[in-house]
Amino acid sequence: MSDRLAVRKTYKLYVNGAFPRSESGRSYEVTDAKGHFLANAAWASRKDARDAVVAARGAFAKWSGATAYNRGQVLYRVAEVMEGRAPQFTEEVAAGEGLSTSRARAAVDAAIDRWVWYAGWTDKLAAVLGGANPVAGPYFDFSLPEPTGVVAVLAPQQSSLLGLASVLAPVLAGGNTAVVVTSRERPLPAVTLGEVLATSDVPAGVVNLLTGDAAELGPWLAEHADVDAIDLTGAPVRLRLELERSAAGTVKRVVRAPETEPDWAADPGLSRLTPFLETKTVWHPMGV
Amino acid sequence: MTSTTRTDPTPPSPFQYAPAPESRSIVDIAPSYGLFVDGEFVDGTGEAFKSVNPATEEVLTEVAAGSEADVDRAVKAARRAFTRVWGPLRPADRGKYLFRIARILQERAREFAVLESLDNGKPIRESRDVDVPLAAAHFFYHAGWADKLDWAGLGPGPRPLGVAGQVIPWNFPLLMLAWKVAPAMATGNTVVLKPAETTPLTALLFAEVCRQADLPPGVVNIVTGAGDTGRAVVEHDDVDKVAFTGSTEVGRSIARAVAGTRKKLTLELGGKAANIVFDDAPIDQAVEGIVQGIFFNQGHVCCAGSRLLVQESVHDEVVASLQRRIGTLRIGDPLDKNTDIGAINSAEQLARIRELSEVGEAEGASRWQPACDLPARGYWFPPTVFTDVSPAHRIARDEIFGPVLSVLTFRTPDEAVAKANNTTYGLSAGIWTEKGSRILKIADQLRAGVVWANTFNKFDPTSPFGGYKQSGYGREGGRHGLAAYLKGAAE
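Protein sequence lines, in the order shown, are assigned to chains A and B. The numbering of the first sequence is the numbering used here, which starts it at 7 and goes up by one. The numbering of the second sequence is the numbering used here, which starts it at 3 and goes up by one.
In isolation and in its complexed conformation, chain A is listed as follows (with noise of 0.2 angstroms):
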């Protein structure tokens, strides 16, 4: 151990592809699971969440036309950046979580194999959930996933980084973009996520981290029209009834919250792909 002192990090934003302070120029006392100081987080307002959601919604065409084949790569490149800084990721899950070093170890290994497990996704969507519908009649008729849009993410509150990656991975791989607001208490393997996204190659606005609360957030996501689904996943419980009752307003999608954060580790299937997913079905004649 050298006696040297440590450059701290300024904890921010991560919206359109750069590292802003909240708007509001709030910021919040970040500490770890024995309530000792770790940094002061951007508190992220309403305004800061519509600036992300337009850089969203900015990036969707680009994201979305993106070949599969491509979006993999990118994915499976935010998984190699990740594996290059996994003692920093697991520096601070185990501060924000209150884990031994070995078992926050094995949270940021199973996120980094969550990213290569979606990153294998993109492009076999289309050939497991689509295909060639035989109708009565003289016609090709075929259908395929698109993806829904710009995706509010109230990420899990408890697995910050697993969790976290669990919830957000699934929406990218499906084309969508995401505006992503943290676990309240544990946002800081959030940040450094973000610092990992705008080194991988996702384009900017693909993905905007918000830190701060979801019980402050959430409600002008869920009624925000230009959000297409919302993940109610870290939404408190006190408001989840009502944060679904707002995004009927625009007939958004919505990930309903599990009544307990659920097991990260186990096998996701597709339950975090095809929410975010639409079926389009094109017609034409076939004839000479």
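Hints should not be assumed to be uniformly reliable.
What the hints assert, rightly or not - Keeping only pairs whose Cα atoms sit at most 35 angstroms apart, straight-line, the calculated DSBU-like set for lysine-lysine is:
#1 B:460 - B:489
#2 B:78 - B:489
#3 A:15 - A:40
#4 B:460 - B:98
#5 B:421 - B:489
#6 B:98 - B:78
#7 B:489 - A:130
#8 A:68 - B:150
#9 B:443 - B:421
#10 B:421 - B:460
#11 B:150 - A:130
#12 A:68 - A:15
#13 B:150 - B:460
#14 B:489 - B:150
#15 B:489 - A:53
#16 B:52 - B:460
#17 B:78 - B:150
#18 A:130 - B:339
#19 B:52 - B:339
#20 A:130 - B:460
#21 A:68 - B:421
#22 B:421 - B:437
#23 A:130 - B:78
#24 B:52 - A:68
#25 B:52 - B:78
#26 A:68 - B:437
#27 B:460 - B:443
#28 A:40 - A:68
#29 A:40 - A:53
#30 A:53 - A:15
#31 B:489 - B:98
#32 A:68 - A:130
#33 B:52 - A:130
What the hints assert, rightly or not - Calculated from the model, a selection of chain B residues having no Cβ within reach of chain A, i.e. all distances over 12 angstroms:
#34 238
#35 342
#36 379
Read the hints as simulated data drawn from the structure, not as lab findings. Just so you know, these numbers come straight off a predicted model, no measurement behind them. A virtual CB, placed ideally from N, CA and C, is assigned to each residue, including glycine.
Starting from the known structure of chain A, fit chain B onto it as the hints suggest.
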């Protein structure tokens, strides 16, 4: 009854159509109907209402309105049937019941077609050639799935949800029933279905089909009534699944009502489809497609091609050709086999179509209608084309749900896509061009659940149907449609 329609510059034909009415003696409408609960017709405890022939305003019969207590009885019957009979039944036998129903629908097809046209006002040509055969096809298709769900690619060991509460609209009464009931039954669920207030009769005849098929009591329950009855179905605590087809406004309120429950929800809501005609399209074919897109079923179609986007260079040619074609459409008696356009389903809907058409003129669009005589009684609206429409006009934004077409123009493919997608809806769209690569590119860029290229308004039980954005969520038909009725199924 039947009117002749004509418009300049086409001179009136020297040949006249002789009346060709389909006989209504094939249907036997009782003076009153009860609810179909637990395999029996029972009296409803709500206030009975009348079902009217919209082409003549003749009262066809009186139908019971289901109260909350009636809905509760129906849900209990459905739960009992699910637990004791339908759930434990061998999947192959479940399938056989659906096959039976498909066959009986085919056997009694003409009866269903005439009854549908009487109650709904749609031309017999459509009820006979589209609604009823497709309804039978939906049961036949889903029958085959009943014992093959493990191969549907929806995850291992798919299981039914339980009791499905289903609320359907008046535009395709029997067909929408089939879209809802067939997949629910095939996947092992039992059903409480509420048909639309103005078109309950084919659903009640379907109840008789269930009896002829010896379907176990309680598997299908039909509770007639208006909005309150539908609300009671949707909000019942023991309903596991809600499926709704209808307006976006009601869809939103259902999504609100279902919020915070365990119920699985699928919504098939409104639309404002763009039908895009490029300058290289075969104009005559495109015009047929435009007519089919907006005037099929009097435009009472959620996926109707109600916004015509024409490339500027062919606008005049397309509009002239369209007007000529519309001039040959025959409006009148729905039971006449030569009728192209039947009656508007209700006085209420007619008022909405009139109001929005007036708004169209008030906002500056130009209205065109062929010279045509409409029957003196009944609810009628002539096929209507608005030109000089801007994207901000209400007739370019609101779903009219009637035979009213708004014509807009574009110059480039990018502009066509931008205008087509400039809507809160996303149910369907059409593309007309001879260029294959353009079809694929535009189809890819349209944010709509069904894209018809060089055709329009085609439906098939094997082909998933449903919307993007505020046109709803979930799919009906195909492998995808099964997911709506199975536990934890990935779509």
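Restraint status (C-alpha distance of residue 421 of chain B to residue 489 of chain B at most 35 angstroms): The hint is violated at about 39 angstroms.
Does the alpha-carbon distance linking residue 421 of chain B and residue 460 of chain B stay inside the 35 angstroms limit? holds (23 angstroms)
Sort out whether residue 339 of chain B lies within 35 angstroms of residue 52 of chain B, counting only the CA atoms. With Cα atoms ~27 angstroms apart, residue 52 of chain B and residue 339 of chain B stay inside 35 angstroms; holds.
Against the 35 angstroms threshold, does the CA-CA distance of residue 40 of chain A and residue 68 of chain A hold or violate the hint? violated (43 angstroms)
Are residue 52 of chain B and residue 130 of chain A close enough, with their CA atoms no more than 35 angstroms apart? violated (53 angstroms)
A cut-off of 12 angstroms on Cβ-Cβ distance, and residue 379 of chain B was said to be off the interface with chain A. Does that hold? holds (37 angstroms)
Is the straight-line distance between the alpha-carbon of residue 460 of chain B and that of residue 443 of chain B 35 angstroms or less? holds (21 angstroms)
For residue 68 of chain A and residue 437 of chain B, compute the direct alpha-carbon distance and say whether it is at most 35 angstroms. The hint holds at about 24 angstroms.
Is the Cα-Cα distance between residue 489 of chain B and residue 150 of chain B 35 angstroms or less? holds (16 angstroms)
Between residue 489 of chain B and residue 98 of chain B, does the CA-CA distance stay at or below 35 angstroms? holds (23 angstroms)
Is the straight-line distance between the alpha-carbon of residue 78 of chain B and that of residue 489 of chain B 35 angstroms or less? The given pair, whose Cα atoms are some 21 angstroms apart, holds under the 35 angstroms limit.
Hint consistency between residue 52 of chain B and residue 68 of chain A [alpha-carbon to alpha-carbon, up to 35 angstroms]: Violated, because 55 angstroms separates the two Cα atoms, which is more than 35 angstroms.
When the structure is compared with the earlier hints, violations turn up for hints 5, 8, 15, 18, 23, 24, 28 and 33 and for no others.
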